[in-house]
Amino acid sequence: MRHFTRTLAVLALTASPILTSPVLTGPAWAEEVAPADVVFDEYGAVAKSLTGVPGDPAKGAEVMASKKIGNCVACHAVAQLSDTPFHGEVGPELSWTGEARSEAELRGILVNSKKTFEGTVMPAYYKTTGFIRPGEGFTKKPAQEPLPPLLSAQQIEDTIAFLMTLKDQ
Amino acid sequence: GALAIAATPLFADEEADLVLNGETEMVVRTAAPDHLSDTLDEIYSGWVFRNDDTQVMQADDFDNPGMIFVDQAMEAWAAADGSEGKSCASCHDGPESMAGVRASYPKWNADAGEVRTLWMQINDCRENQMGAEPWKITGGDMAAMEALISVQSRGMPVNVAIDGPAAETWEKGKEIYYTRYGQLELSCANCHEENYGNYIRADHLSQGQINGFPTYRLKNAKLNSVQARFEGCIRDTRAEPFKPGSDEFIALELYVASRGNGLSVEGPSVRN
Numbered sequence: 001m002r003h004f005t006r007t008l009a010v011l012a013l014t015a016s017p018i019l020t021s022p023v024l025t026g027p028a029w030a031e032e033v034a035p036a037d038v039v040f041d042e043y044g045a046v047a048k049s050l051t052g053v054p055g056d057p058a059k060g061a062e063v064m065a066s067k068k069i070g071n072c073v074a075c076h077a078v079a080q081l082s083d084t085p086f087h088g089e090v091g092p093e094l095s096w097t098g099e100a101r102s103e104a105e106l107r108g109i110l111v112n113s114k115k116t117f118e119g120t121v122m123p124a125y126y127k128t129t130g131f132i133r134p135g136e137g138f139t140k141k142p143a144q145e146p147l148p149p150l151l152s153a154q155q156i157e158d159t160i161a162f163l164m165t166l167k168d169q
Numbered sequence: 020g021a022l023a024i025a026a027t028p029l030f031a032d033e034e035a036d037l038v039l040n041g042e043t044e045m046v047v048r049t050a051a052p053d054h055l056s057d058t059l060d061e062i063y064s065g066w067v068f069r070n071d072d073t074q075v076m077q078a079d080d081f082d083n084p085g086m087i088f089v090d091q092a093m094e095a096w097a098a099a100d101g102s103e104g105k106s107c108a109s110c111h112d113g114p115e116s117m118a119g120v121r122a123s124y125p126k127w128n129a130d131a132g133e134v135r136t137l138w139m140q141i142n143d144c145r146e147n148q149m150g151a152e153p154w155k156i157t158g159g160d161m162a163a164m165e166a167l168i169s170v171q172s173r174g175m176p177v178n179v180a181i182d183g184p185a186a187e188t189w190e191k192g193k194e195i196y197y198t199r200y201g202q203l204e205l206s207c208a209n210c211h212e213e214n215y216g217n218y219i220r221a222d223h224l225s226q227g228q229i230n231g232f233p234t235y236r237l238k239n240a241k242l243n244s245v246q247a248r249f250e251g252c253i254r255d256t257r258a259e260p261f262k263p264g265s266d267e268f269i270a271l272e273l274y275v276a277s278r279g280n281g282l283s284v285e286g287p288s289v290r291n
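As you go down the protein sequences, you meet chains F and S in turn.
If you're matching positions, the first sequence starts at 1 in the UniProt record's numbering and goes up one per residue.
If you're matching positions, the second sequence starts at 20 in the UniProt record's numbering and goes up one per residue.
One or more of the hints may lead you astray.
With a Cα cut of at most 25 Å, we get these calculated DSS-like pairs of lysine-lysine [unchecked claim]:
(1) F/Lys140 to S/Lys191
(2) S/Lys262 to S/Lys238
(3) S/Lys155 to S/Lys262
(4) F/Lys141 to S/Lys193
(5) F/Lys67 to F/Lys167
(6) S/Lys193 to S/Lys238
(7) F/Lys48 to F/Lys141
(8) F/Lys48 to F/Lys140
(9) S/Lys241 to S/Lys155
(10) S/Lys126 to S/Lys238
(11) F/Lys68 to F/Lys140
(12) S/Lys241 to S/Lys262
(13) F/Lys68 to S/Lys238
(14) F/Lys115 to F/Lys48
(15) S/Lys126 to S/Lys191
(16) S/Lys155 to F/Lys141
(17) F/Lys114 to S/Lys193
(18) S/Lys238 to F/Lys67
(19) F/Lys114 to S/Lys155
(20) F/Lys48 to F/Lys59
(21) F/Lys167 to F/Lys48
(22) S/Lys126 to S/Lys193
(23) S/Lys105 to F/Lys140
(24) F/Lys141 to S/Lys262
(25) S/Lys155 to S/Lys105
(26) S/Lys262 to S/Lys191
(27) F/Lys141 to F/Lys59
(28) S/Lys155 to F/Lys140
(29) F/Lys140 to S/Lys126
(30) F/Lys141 to S/Lys191
(31) F/Lys59 to F/Lys167
(32) F/Lys68 to F/Lys141
(33) F/Lys114 to F/Lys68
(34) F/Lys141 to S/Lys126
(35) S/Lys193 to F/Lys140
FYI, nobody ran anything at the bench for these hints, they're computed from the structure.
Please read all numbers here as calculations on a predicted model, not as lab measurements.
Given these sequences and hints, build the entire structure.
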């Protein structure tokens with residue numbers, strides 16, 4: 001029975017075009033890990049790269065600062081992004097993250113921080129199902145799951161690359 | 020220098036006291052009501068978290084832009100409307116007769132067998148007493164009339180009953196308050212209970228109290244109603260909000276109002 005359900009799930013994944021997330025505009029890398037297939041360790045870390053392509057720290061900085069992308073500074077202060085005004089106070093300062101955290105830990109925190117910090121207010125950036133009254137962006141309209149993840153696999157790798165550069169200066 | 024000046028408007032004096040028109044002392048911080056004792060020690064009006072200029076604007080009725088709408092509602096109060104040819108004044112005399120009303124709403128109405136918000140009661144009078152069209156719940160006419168009625172209770176403590184027949188609705192509102200909606204998976208409590216006093220980008224988070232409603236917002240230069248604010252906050256979690264006037268939002272309004280029991284009625288307040 002279990003085996004049968006799995007086969008169906010795989011079929012659905014390959015057949016349904018809705019499952020191609022709109023944020024994944026770049027080439028679809030063979031190694032790309034889909035949101036449902038991410039493997040966490042017991043502490044919530046994710047060892048395997050989501051794309052197999054090294055992250056670009058400059059793009060990661062943009063993900064964190066831009067209101068239109070990750071908007072991480074809404075909640076976190078990051079000294080290295082001081083050109084962007086109005087950093088939030090909801091989450092911890094991230095200016096030393098590169099010294100304190102491993103790539104695997106950061107990947108887990110970005111994909112779904114609730115696996116690392118139980119009940120945290122930080123959103124899950126690579127999760128597509130299991131929401132209550134999900135909406136289509138900020139339109140007030142209902143949305144059908146699976147939703148596009150908040151960040152693409154490569155944007156997450158880029159953000160990790162940037163976070164790893166954050167050291168006490 | 021220029022930087023310091025540019026930064027000033029963001030500054031909020033969380034210790035400031037609000038004395039209305041130099042005479043009425045308003046309670047903007049007080050001990051949390053018993054039903055919140057597990058989570059909060061003190062409750063604060065949203066006024067506490069606004070910047071100095073906005074705080075000052077609300078302290079004097081001549082500077083409070085929301086008072087223009089109160090004047091407009093005075094006219095509506097006396098204007099006959101609907102098939103019965105009656106105005107609010109025909110049955111309620113002057114608006115002063117509404118003293119204390121804002122402080123106790125939403126409230127159980129035994130005849131109707133329902134929890135009634137102030138806007139529900141106003142529309143009930145319009146439809147069933149005046150034979151007039153109901154006003155849009157989040158519209159300008161309604162917000163102005165709510166402001167006029169609110170002014171009659173300014174300075175009185177919010178005192179919303181949560182027991183007896185209202186208890187069931189209150190529980191439902193509480194459940195909604197703690198539910199994490201939308202793709203961002205955030206509840207009212209995540210922002211307004213766990214993070215009040217913190218900045219979320221440029222916004223200084225308050226406790227999300229509704230003692231100041233309707234609020235005049237500098238951002239959109241009009242009076243804003245409770246139900247529209249709830250809708251906006253849930254939308255911002257990338258969720259499909261409940262509709263203004265829905266059972267869910269009526270329950271939430273009762274619950275959120277009760278979290279402010281003890282704060283002064285402030286409406287119309289000034290917010291950014």
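A quick look at each hint next to the structure:
no.	hint	verdict
1	F/Lys140 to S/Lys191	holds (22 Å)
2	S/Lys262 to S/Lys238	holds (23 Å)
3	S/Lys155 to S/Lys262	holds (12 Å)
4	F/Lys141 to S/Lys193	holds (24 Å)
5	F/Lys67 to F/Lys167	holds (24 Å)
6	S/Lys193 to S/Lys238	violated (29 Å)
7	F/Lys48 to F/Lys141	violated (35 Å)
8	F/Lys48 to F/Lys140	violated (36 Å)
9	S/Lys241 to S/Lys155	holds (15 Å)
10	S/Lys126 to S/Lys238	violated (31 Å)
11	F/Lys68 to F/Lys140	holds (18 Å)
12	S/Lys241 to S/Lys262	holds (20 Å)
13	F/Lys68 to S/Lys238	holds (21 Å)
14	F/Lys115 to F/Lys48	holds (16 Å)
15	S/Lys126 to S/Lys191	holds (15 Å)
16	S/Lys155 to F/Lys141	holds (20 Å)
17	F/Lys114 to S/Lys193	holds (23 Å)
18	S/Lys238 to F/Lys67	holds (19 Å)
19	F/Lys114 to S/Lys155	violated (40 Å)
20	F/Lys48 to F/Lys59	holds (20 Å)
21	F/Lys167 to F/Lys48	holds (23 Å)
22	S/Lys126 to S/Lys193	holds (16 Å)
23	S/Lys105 to F/Lys140	violated (38 Å)
24	F/Lys141 to S/Lys262	holds (11 Å)
25	S/Lys155 to S/Lys105	holds (20 Å)
26	S/Lys262 to S/Lys191	holds (16 Å)
27	F/Lys141 to F/Lys59	violated (30 Å)
28	S/Lys155 to F/Lys140	holds (19 Å)
29	F/Lys140 to S/Lys126	violated (29 Å)
30	F/Lys141 to S/Lys191	holds (23 Å)
31	F/Lys59 to F/Lys167	holds (18 Å)
32	F/Lys68 to F/Lys141	holds (19 Å)
33	F/Lys114 to F/Lys68	holds (23 Å)
34	F/Lys141 to S/Lys126	violated (31 Å)
35	S/Lys193 to F/Lys140	holds (22 Å)
Violated hints, listed in ascending order, are 6, 7, 8, 10, 19, 23, 27, 29 and 34; each of the other numbered hints is respected by the structure.
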